[in-house]
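Can you build the whole structure from these sequences, using the hints too?
Numbering (our numbering), first residue to last: 1 to 138.
Because the hints were derived from the structure by calculation, they are not lab data. None of the values given here were measured: they were computed from a predicted structure. Hints are supplied without guarantee of correctness; some may be wrong.
Each pair of labels, with its calculated beta carbon distance range [as the list claims (entries may be wrong)]:
#1 Ile51 / Glu73: 35 to 43 Å
#2 Glu19 / Glu76: 44 to 52 Å
#3 Gly131 / Val33: 51 to 59 Å
#4 Leu8 / Gly86: 53 to 61 Å
#5 Ile25 / Phe5: 28 to 36 Å
For glycine and all other residues, C-beta sits at the position ideal for the given N, C-alpha and C.
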Amino acid sequence: MALVFHALVSLGEALDSIEKRLGGIKPLGEEEVGLLDALGRVAAEDMKARISSPPFDRSTVDGYAVRASDTYEASEETPVTLKIVGKAEIGSIPNLQINHGECVEISTGAPIPRGANAVVMVEYTKQLESGRVMIYKP
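Rendered as structure tokens:
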């Protein structure tokens with residue numbers, strides 16, 4: 001199979017080409033349909049839930065809930081070490097508070113503890129036997 005190399009065009013030429021091909025496309029308009037008939041369609045406007053679900057911020061990864069500012073200087077050459085003050089698991093409601101220099105081990109889906117505003121993925125850490133964790137990447 002032969003490789004085909006296309007000529008490069010400037011940004012302006014590319015935008016002109018897109019406008020030429022797509023410029024005549026017009027929105028189809030709006031149509032109100034029942035819930036069961038809405039499958040596969042796109043909403044015409046944003047919809048907002050009446051209640052938050054879940055009703056708390058939760059972790060999207062396994063790792064350590066931290067104060068982001070405690071990890072800003074972390075790198076593989078100079079990891080940051082934080083004290084582990086608890087564990088948050090899915091299905092639990094931890095009564096934990098994170099202060100400067102502390103973190104909480106957290107599972108995916110678990111509520112993020114008070115005081116934490118970030119989660120460091122477990123892949124960027126190394127847990128120590130001393131009840132502390134080294135963080136290699138913010």
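Here is how each hint holds up against the structure:
1. Checked against the hint of 35 to 43 Å, the C-beta distance between Ile51 and Glu73 comes to roughly 39 Å, which is consistent with it.
2. With their beta carbons about 46 Å apart, Glu19 and Glu76 fall inside the hinted range of 44 to 52 Å.
3. Roughly 57 Å separates the CB atoms of Gly131 and Val33, a value that falls within the hinted 51 to 59 Å.
4. In this structure, Leu8 and Gly86 meet the distance hint of 53 to 61 Å, their C-beta atoms being roughly 56 Å apart.
5. Between Ile25 and Phe5 the beta carbons are some 30 Å apart, a value that agrees with the proposed interval 28 to 36 Å.
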